[in-house]
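Chemist: One-letter residues, chain by chain:
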Amino acid sequence: MIDSKKYIITFLITAVIFGTAIFISNALGEKKLEDVKSIEDRVALDILSSETQFALLEETSCKDLGPGFLSKELGSLGEKLAYGDNQTELNNDNLEYLKRSYFLLEIKDYLLMKRLTEKCGIEPTFILYFYSVEESCEDCEKMGYVLTSLRDKYPDLRVYSFDYNFDVGAINTLISIYKVEPNLPAFSINGQLYYGYHSVEDLEEQAPALQDLALRAKALETATASSSSQETE
Amino acid sequence: MMEITALVLYVTLFISLFFEVFLLITYLEVREELSLEKLLDKNIKQFPTTTIIVPCFNEEKTLSATIHSILNLDYPKDKLSLILVDDGSTDGTAEELKKFSNNSQIRIFYKENGGKHTALNFALEQVKSDLVGCLDADSFVNPDALKKITPFFDDQSIMAVTPSIKVFEPKSVLQYVQKIEYSWGIFLRRMLSSLGALYVTPGPFSIFRTNIFKEIGGYRHGHHTEDLEMALRMQKNHYKIVNSHGAHVYTIAPINFSALYKQRVRWTYGFLNNAIDYREMFFNKKYGNIGFFILPIATVSIFFSIYLFGNILWNVSTKISDLFVRFQTIGFNLNLSSINLDWYFLNTSTVSILTITTLALTLVIMYLSLKLSEGKFKFSRGILYYMLLYVFLVPFWLLKALFSTVFRRNVSWR
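Chains as they are written, first to last, in full-length UniProt numbering: chain A, 1 to 233; chain B, 1 to 414.
Mixed in with the good hints there might be a few duds.
[To be verified] To spell it out: a stretch of chain A is covered by chain B in this simulated footprint if at least three of its residues, at any positions, have a beta carbon under 8 Å from a beta carbon of chain B; those stretches are:
no., region
1, 44-50
2, 169-178
[To be verified] Covered stretches of chain A (chain B as the covering partner; in silico rule of three or more C-beta atoms under 8 Å from a C-beta of chain B):
no., region
3, 4-10
4, 79-87
5, 133-146
[As the list claims (entries may be wrong)] Simulated pairs of lysine-lysine, DSBU-like, Cα-Cα distance not exceeding 35 Å:
no., chain 1, residue 1, chain 2, residue 2
6, A, Lys72, B, Lys319
7, B, Lys319, A, Lys5
8, B, Lys240, A, Lys6
9, B, Lys38, B, Lys319
10, A, Lys37, A, Lys6
The set of hints was computed from the structure by calculation and includes no laboratory data. Here the structure is a predicted model, which is why all the values come from computation and not from measurement. The C-beta atom is built at its ideal place from N, Cα and C for all residues, glycine as well.
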């Protein structure tokens, strides 16, 4: 009375659908990681190019450094890796490896920026942000939003974010240089340490470096506004 | 904990997909039969004598239309009779019934209120015809409905034939939702019919061989779902029930949520409790598809629906709370340029691909259902209402029915 062949066929079709879904998901996950990897490669190349340019500085002047001296892609790379944290289809080991190299690239970029500052007397504003993905850090998510919002507001601001508990020697060194306590979220704006959650307004008020940025942005805005009004006249 | 949740989700998706694939394979198998059935009423040689019972309790408003729809059936008058039973109505039902007292096809009885199954059993004692059926006093039959049913009884092994039930002139949003839901029901019942797994002989216009009641007894209370209990009893005794999808019956669907909720709690509660009563059929090969697969999947789907709904609710509320935290932190700062259209940010997890596949198959079945019930597929507002609302409605009555079953069963065990 029971058509067992039909049940077996149904089971096989369902199993094939399941298998295909798993296969597609894994393939897309791998593609995503390749995507991240290629951005990392580009950032590494950017840094290498900047370092080379920097080495040549001995023979040339700061004026020759173009506006794209520091890599522009670190921000989107960070966003992709943060999103990847919640995605089950991404291979954990590969993601871990990509994060490790991301943190190292950030540090390299940071060092390059520091050297540029010393050499050319430019004053870029930078934030070193230490967070934790553990649940104990309730304010880390909120602080992340604030920093993303600041970066959107001030394109010149460089934000370097680090997982405090991630086992990378260079992060530990950075932590000990800046004497960052495990009281997270923690961040340093141009060397000044702050702990806990701070809103965008708080930070703009408290951090002199951000105030400068705000003034500069405003000046730029008025300059462009007046030049465009002149053009229309 | 996360692993267990993920496992339950995978099992739920696997079984849902399995069921959908099973239904679609069944559809492919019976597709030819469906077109042959259209011709079934064209060549009837013999019309069996048939009695239609109309049990009524406070149905003064719709009763007359119900009776007229039976009298208008395209069926020889000398072969068709009606028994109207007033089950102790307290409104104007008795007066309405009196209007039909001079009709030679009609016999009218009055009794004390005792519930629908008592009214049916009372009438069954008076029945002498070959076939007997019932029509609830809030339903109406298409003129050709009986002619689409009786030819099935040429097969001596068939003991009952169920019709296709449609929603009568939908007006409210909820009635439109039910119209689409009933189309699903029409498709599902036709498939179950081919699998020998119909587990309801619906109150509106299921037709039986009269002698079945002598063999397995009359209607029982059946936890307020006597039509479900009757079908399960027949299946347990290996009597064949089939569905005639071309026999259309129209029923007045509950117009508001409270009425719909009450009706569905009753149906689900009835299903669960009858399933408990007939539990020996479960996973029992002796009872064919109904025992081996359909009853277990129908039971399990109640839990799955609740689980999936909980899962969706949890995901949506997490998203909303994240958005709220974001809003609290940086305000409603919608930066259009920051909206990322990169495919990287699409959810490509196995669960989401499987969910999309399951939904796609659901849409295919919905398309086939509407084609089967309406003759052709036409996009209507009902489909939109159904897709937007149905998922959020069902868990209410499922939970209540489940709760009542667990709670009352506990009480009765003491």
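Chemist: When the structure is checked against the list of hints, which entries are broken? Sort them ascending.
Modeler: 1, 2, 7, 9, 10
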